[in-house]
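Undergrad: Quick note, the sequences are listed as chains A and B, same order.
Residue numbering for the first sequence follows the numbering used here, starting at 1 and increasing by one per position.
Residue numbering for the second sequence follows the numbering used here, starting at 273 and increasing by one per position.
Derived from the structure by calculation, the hints contain no laboratory data.
A couple of the hints might just be wrong.
Within a straight-line C-alpha distance of at most 25 Å, the following computed DMTMM-like cross-link-like pairs (lysine to aspartate or glutamate) qualify [said to hold, decoys possible]:
id: 1; chain 1: B; residue 1: K276; chain 2: A; residue 2: D141
id: 2; chain 1: B; residue 1: K578; chain 2: A; residue 2: D84
id: 3; chain 1: B; residue 1: K518; chain 2: B; residue 2: D780
id: 4; chain 1: B; residue 1: K411; chain 2: B; residue 2: D395
id: 5; chain 1: B; residue 1: K276; chain 2: A; residue 2: D83
id: 6; chain 1: B; residue 1: K276; chain 2: A; residue 2: E132
id: 7; chain 1: B; residue 1: K362; chain 2: B; residue 2: E331
id: 8; chain 1: B; residue 1: K578; chain 2: A; residue 2: D83
id: 9; chain 1: B; residue 1: K276; chain 2: A; residue 2: E167
id: 10; chain 1: B; residue 1: K578; chain 2: A; residue 2: D82
id: 11; chain 1: B; residue 1: K353; chain 2: B; residue 2: D395
id: 12; chain 1: A; residue 1: K145; chain 2: B; residue 2: E562
id: 13; chain 1: B; residue 1: K500; chain 2: B; residue 2: D829
id: 14; chain 1: B; residue 1: K949; chain 2: B; residue 2: D967
id: 15; chain 1: B; residue 1: K276; chain 2: A; residue 2: D84
id: 16; chain 1: B; residue 1: K500; chain 2: B; residue 2: E381
id: 17; chain 1: B; residue 1: K276; chain 2: A; residue 2: D63
id: 18; chain 1: B; residue 1: K957; chain 2: B; residue 2: D431
id: 19; chain 1: B; residue 1: K408; chain 2: B; residue 2: E437
id: 20; chain 1: B; residue 1: K957; chain 2: B; residue 2: D942
id: 21; chain 1: B; residue 1: K814; chain 2: B; residue 2: E1012
id: 22; chain 1: B; residue 1: K578; chain 2: A; residue 2: D63
Bear in mind the structure is a predicted one, so any value in this text is a computation, not a measurement.
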Amino acid sequence: MGIEAGEVVLAARDVYKAYTQGDSVEQVLSGVSLEVPRGRFLSVMGPSGSGKSTLLHLLGGLDTPDSGEVELEGASLATMGDDDRTRLRRNRIGIVYQFFNLVPVLTVEENVALPAVIAGQAPAAYATKLAEVIEVVGMADHKHKQPAQLSGGQQQRAAIARALFIEPSVLLADEPTGNVDMRTGHEILTLFADAQRELGQTIVMVTHDPRSAGFADEVLLLRDGTVASSLDLAKSMRGAAKTTRDHDNRPVAVLKWLEGLDSTGAVRRVRA
Amino acid sequence: MALKSLGSVALRNLSRRRGRYLLTASGTALGVAVLFAVQIMSGATTNALDKAVNGATGESDVAIRPIGNFDAALAPEIPGKVAALSGVEKVVASAGFRSALVNPKKPPEVNARPRFVFVIGVDLAADREIRSYELKAGKLFADRADEVVIGDHIATAIDVVVGDEVLVAAPTGQAHVRVVGVLANSGAGNASGGDVVYTSTAVSQRMLGKGAVLNGMDVVLKDGVDAKEWITDHRAALGDSVSMIKSSEAEAGFRSFILAVNAALTLGSAIAVFVGGFLIFLTFSLAVAERTRTYGTMRALGALPKQIRGVVVREAALLGLGSSVIGLFIGYALAFLALQLVSTLLDLRLPGLGLPLGPAIFSVGVGVLVSVVAAWLPGRRAAALSPVTAMRAGAVRDETAGRPVIGATLVGGGIALTFVVGQGVIRIVPTLLVLFGAVLLVPIVLGPLARLLGALTRRLARGVGEIAVMHLVKERSRSAYTLALVMVVLSMLIAVGTSNVSMSDTVDTAIERQAGGAIQVGAPGALDPAVEKEVKAFDGVKATSALTFGLIDITDDGAPPDQFFTMIDPATYFDIASFPWIDGDDASAKAGLERGGAIILPEQQAIRIDVKRGGEVHVRTSQGIKPFTLIGTYGQIGNYFGPGLSMKDAALFGAGRPNGFLLSVRDGVDTRALRDKMRATLQPKYNLEVQTSDDIKEEAHAQLQGFFALVYALLFVAALVGILGLANTMVVSVLSRTREVGMLRSTGALRRQARAMVLVEAATLALVAYVLSLPVGWLLSTGIVVSQRSALGFTIDYVFPWGIIPILLIMTLLVAAVASLVPARRIGRLEIVEALRFD
């Protein structure tokens, strides 16, 4: 596409979104802007109702903004028709959900291959890639099982494999560790980190968990539908190279800072 | 196995919820089975009729008969005149009469009906030029010899073989003839359904006893000559003493009756298929609601709306195809049973079932099409899902249902139209509007009615019954269409019940009035007038009145002249019998008939030709088309009696010898005993049919019940589908409330209480359906009875079937109980921990 590493893959510009329910109108996003360079791992944090998931839906082309612009590799999602946006999702956006959203009647292998099936590709055309991606997420032994036969962590691995299978321009994750235990959550985040490091995968992850956000390069804090703050975690970690690290080799001071980000005061302190 | 396409997802979905889809498939299978069976029957009856007509007519283009009475003969100059007309290729004349055939070695039981046949006397050499005579056994008869060849059907029925002697009940008395051949079931052997006897013209004329007369002519026209035009062109040349009809239009009356019966059965099967489609709609609506998150995921992964719709519709098509194929097997068995019944009822020799490929393809096609159409709306709903909304937790949502404004408009409009539209088939339209409108209104009225009736039903599950009722009140839309399904079935039962009771009642009235409440003596053909004296001589007989029958040609309606008339003697008839008058009375009818030039018509026929009492009806007579004064109209059932004429006008219709007598008996005489005595004496001599009015009623009721048995069978299938629909909804209801049931159980609800909740919900639903079906059924029944009047030409008095109302209530509750069985069992087996974990 002519976009080089470091170039912006995904961008939101002055995005507004409101939901109407009966007579009341809820303004969810009010002028959010962001840019995600290729290979970047961005984490979006914020309290409940801050608009994290709505932002992710707009970035993934699942919904359209009331005003503003969302661009994926230079293509405007907001002005695209539903069918074009659907095809774009199919080919260039991988999404991982909190509740896995696997099709219960299909096996792991079939769930992972679903985007190709939807696109009408012949199984032979994607068999090798399918086997590889299942191997990468460590689900080769479970590929013939149905979701009901798997643990939450295994289901999420399958969902990640499905998202990675299309080699997406961007991988979007909505609370990917929200429905699994801490250890499994850690494994999943490691998978994301590996994908970023080894495949150069661009990732945008919504989470309310500071520990999860700590896996990202950059953290964006949303509050009341606006970007309250952002922190270049990669730079911070480089700066704190000699400080104490936890067992994931992450700076304890930064983690503590992240843990303090969930209140208004904490953000002010960071800015100060 | 690798997933090749999204179509495979449809297949997986089907196999996942096997139980529920099996229920749905049973509904479609039953609907298709009925449709297939009706198609086979319809084809078989039409085919049999075609064969009978074709066998009788052969290559004949036009049939010429003497006008009027069955005993009438063609004027001697007619055959010569016809042969001289332009456009004529061949002319074949015959002398025939209706008779009865007896095997003297095995005479029929005294109380058995005579075996009626048509005896046709032909010039074999000439007749073989237009009709084929294929022999199954023996040889053809010799000219002037007392020999006959007979149809296979009558040969089997009276158990005679080649070489046997048989008795023909001829107008001149019993004639002994020898069977020299039995015809195969083709060509001439198919005439009159195989109940036919062929002999030489001379022998037939001798038995007829009217000299060298002929009473039938078949005309073969030259190539390119149109039969209808030829009749119009040469009508005047032959005078008015003959009727001329296109041969292919023979038996038009019976054909239209068969068509009406087949249409009624097809309508019934359409209802069964519609109900099956309704069940598919319900199932897929629920399935889409259940799989909202799955479809949302697919949309998020890049599936286009049309692909999602395709998955749903393909699933329905697969289900429709599978169940339709199963339906074919059930339908084949049903058709086998039904054909036996129809064969007896219509006295038609029906062909074997064979391999009805056309009806099979049609029925499967309809089954699949209905399934696809029924799933289209749920499919569209699935396709329109926003991926964001669809993937939110707790995706099973209660669909909004009901179109109150449209529903109320249809019901209001339907009721208003009831008072506006006139007679005729169009009368059914307001009723259908009301029915459809009522279906759309159901979701609105379900809440209040469920609350009201729930006060009764909740007692079935003490403590938790209230919760079940509240589910219906609050989540009414899910159950509303199921309820509508049950309501439609119950309304149809009420409507058909009304039709049944109304027709039975009318049959009774008609027969009581016209059969005189005593005994009717009928001959297969014409009778020697002296027989009346013999009949009168029986001890206990008070009075007799002679009747003659024939074919009438009322020119006002332009229909082929194939309607039966009854000619009565006004001097004696009204002392014995009457008419079920719609407009008229005995005294004025008697006076009018005694003056002559008068006619009495069935009410529906008078409506059809738009003539009122005192108006003129134009009838073709042997002296030209003459105006007859309509002196009364009466309610007719079937083709019993037909237009009534007076003996005063006998000469105009070639009537001479009587065809039957009505008898009244003295007070205190045992009618049945007298009947038996008459049968014992008269039957062997003349093959007379002796019946009391009770016999005639019983026979008519048996026929009526036979047809209603078929309709009830269709409704039974629809009711079965209704049960399946209710069971289906209850299963889904239980499934979607698994967690709630777990919670109730954890807080102390007993297993049996949980089970009883299902019963409460099903019973409340069924009771609401029952209550709604009463007004809807009533409206439907008035429409059906009125439209039957014009479709069948019967005058039917509306009688509401009060008797079936409590029976329906019991049935409704039984349906609820049966529909609750599977879901109640499921709920009873739920383990608390699993139920609480259920997603």
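Undergrad: It remains to establish, for every hint, whether it holds in the given structure.
TA: Status of each hint after checking the structure:
1. This hinted pair checks out: B/K276 and A/D141 have alpha carbons roughly 22 Å apart, not beyond 25 Å.
2. Using a Cα cut-off of 25 Å, the hinted pair B/K578 and A/D84 holds, with the two alpha carbons roughly 13 Å apart.
3. Straight-line distance between C-alpha atoms of B/K518 and B/D780 comes to about 36 Å, which puts the hinted pair past the 25 Å bound.
4. A distance of roughly 15 Å separates the Cα atoms of B/K411 and B/D395; the hinted pair therefore holds under the 25 Å criterion.
5. Distance restraint check for B/K276 and A/D83: the Cα-Cα separation of roughly 22 Å lies within the 25 Å cut-off, and the hinted pair is therefore satisfied.
6. With a CA separation close to 19 Å, the supplied pair B/K276 and A/E132 stays within the 25 Å bound.
7. For the proposed pair B/K362 and B/E331, the alpha carbon gap of about 10 Å is at most 25 Å, so the pair holds.
8. Straight-line distance between C-alpha atoms of B/K578 and A/D83 comes to about 10 Å, which keeps the hinted pair within the 25 Å bound.
9. The suggested pairing of B/K276 with A/E167 holds, with an alpha-carbon distance near 21 Å, which does not exceed 25 Å.
10. A hinted pair counts as satisfied when its Cα atoms are at most 25 Å apart, and B/K578 with A/D82 qualifies at roughly 12 Å.
11. Our distance criterion of 25 Å between C-alpha atoms is met by B/K353 and B/D395, whose separation comes to about 19 Å.
12. Restraint check: the Cα-Cα separation between A/K145 and B/E562 comes to about 22 Å, which is no more than 25 Å; the hinted pair holds.
13. For the proposed pair B/K500 and B/D829, the alpha carbon gap of about 16 Å is at most 25 Å, so the pair holds.
14. Our distance criterion of 25 Å between C-alpha atoms is met by B/K949 and B/D967, whose separation comes to about 15 Å.
15. Among the hinted pairs, B/K276 with A/D84 is consistent with the structure: their alpha-carbon atoms are about 23 Å apart, no more than 25 Å.
16. A threshold of 25 Å between alpha carbons decides the hint, and for B/K500 with B/E381 the separation of about 46 Å lies outside it, so the pair is violated.
17. The straight-line distance between the Cα atoms of B/K276 and A/D63 is roughly 29 Å, outside the 25 Å bound, and the hint therefore fails.
18. Of the supplied pair hints, the one linking B/K957 and B/D431 holds, its CA atoms being roughly 20 Å apart against a limit of 25 Å.
19. This hinted pair checks out: B/K408 and B/E437 have alpha carbons roughly 18 Å apart, not beyond 25 Å.
20. The hinted pair formed by B/K957 and B/D942 meets the criterion: a straight-line CA distance of about 23 Å does not exceed 25 Å.
21. At most 25 Å may separate the alpha-carbon atoms for a hinted pair to count; B/K814 and B/E1012 exceed this at roughly 80 Å.
22. A hinted pair counts as satisfied when its Cα atoms are at most 25 Å apart, and B/K578 with A/D63 qualifies at roughly 18 Å.
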